[in-house]
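Enquirer: Residue strings, one per chain:
There are 2 protein chains.
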Amino acid sequence: MSYTIRAGKIEDMPSVYSLVQELANYENEPDAVKISVELLQEQGFKNPPAFWTYVAEFEGKIVGMALFYRRFSTWDGPSIHLEDLIVTEKFRGKGIGKSLYDKVLVNAMEQGVERVEWAVLDWNTPAINFYKSTGATMLSDWNVCQMKSKEIKTYLGGDL
Amino acid sequence: MSYTIRAGKIEDMPSVYSLVQELANYENEPDAVKISVELLQEQGFKNPPAFWTYVAEFEGKIVGMALFYRRFSTWDGPSIHLEDLIVTEKFRGKGIGKSLYDKVLVNAMEQGVERVEWAVLDWNTPAINFYKSTGATMLSDWNVCQMKSKEIKTYLGGDL
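As they're listed, the protein sequences go chains A and B.
Read in order, the letters of the first sequence correspond to residues 2 to 161 in the numbering used here.
Read in order, the letters of the second sequence correspond to residues 2 to 161 in the numbering used here.
Please keep in mind that the hints were generated in silico from the structure rather than gathered at the bench.
Take the hints with a grain of salt, since some may be wrong.
The list treats identical chains as interchangeable, and a pair is accepted whether it falls inside one copy or across any two copies.
[What the hints assert, rightly or not] Dumping the calculated DSS-like pairs for lysine-lysine here, alpha-carbon to alpha-carbon at most 27 Å:
#1 Lys91 - Lys47
#2 Lys151 - Lys99
#3 Lys154 - Lys35
#4 Lys99 - Lys62
#5 Lys149 - Lys62
Source: prediction; values computed, not measured.
When you get a sec, could you build the whole thing from the sequences and use the hints?
Expert: This is the structure:
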């Protein structure tokens with residue numbers, strides 16, 4: 002199967018949005034996607050962009066994407082965070098995810114960062130096995146904490 | 002006790018570095034800190050900066066700091082990541098950590114983001130209890146994955 006991996010363009014953002022929604026459905030969180038195509042187009046193409054994407058194109062259609070951005074580690078310095086790596090269901094098992102993953106890692110090395118980081122759901126065994134097979138480390142002793150703006154405003158109360 | 006919370010300046014970076022090292026020791030990873038004072042000064046004060054800091058100052062000395070930066074969530078849009086929240090050992094239990102935490106959350110609301118995220122070690126019960134008491138959610142089903150440049154280069158091999 003012949004597909005192309007290339008940098009995402011502003012006109013690819015509707016497809017990127019659809020893939021994000023598809024992943025949310027797969028993760029049993031169909032209502033979690035609060036962003037819009039317009040936000041992706043604004044944030045991903047301002048200067049400097051809030052993120053970059055690679056897309057996988059097959060016969061003119063976007064069938065997968067990786068979305069990533071820079072972070073800063075106080076241990077390792079500038080790093081890359083891989084926020085999403087998604088291949089649409091019908092096109093899984095064809096190596097497209099690996100091609101996108103490899104492309105992000107190559108980009109990270111070209112940017113000269115010391116670390117690439119991402120998160121994976123602990124029940125997503127196929128993904129975990131793939132990441133481990135590439136040499137990635139699972140830091141299972143770290144927990145992710147989040148606070149949404151609603152909870153932050155409640156907590157801060159009069160301090161805001 | 003009277004301390005001041007203020008934005009970190011370039012001349013505070015040696016103190017910020019010392020606090021990072023102190024936290025690494027506390028987390029049983031004394032050799033993990035690969036960055037330098039110079040890297041903090043460069044990355045934190047370029048345009049745009051790779052991170053921001055707030056510092057807690059007591060009698061002219063930096064006794065705590067919070068380091069944070071922007072991320073992009075494909076569910077919630079622009080977000081803030083709190084990379085480090087550190088108070089030097091002798092000054093713990095005096096509310097300085099809470100003051101720094103609150104300041105970051107206020108800043109996040111001023112920036113208009115929908116989410117603040119950070120990571121905590123699963124054995125750091127005092128920290129977890131504090132975060133929970135403020136309304137934060139622990140996402141214990143997410144695992145953090147990392148790959149360092151050495152492993153990435155091994156994996157990519159000839160592709161680099």
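Enquirer: Need the list of violated hint numbers for this structure, in ascending order.
Expert: 1, 5
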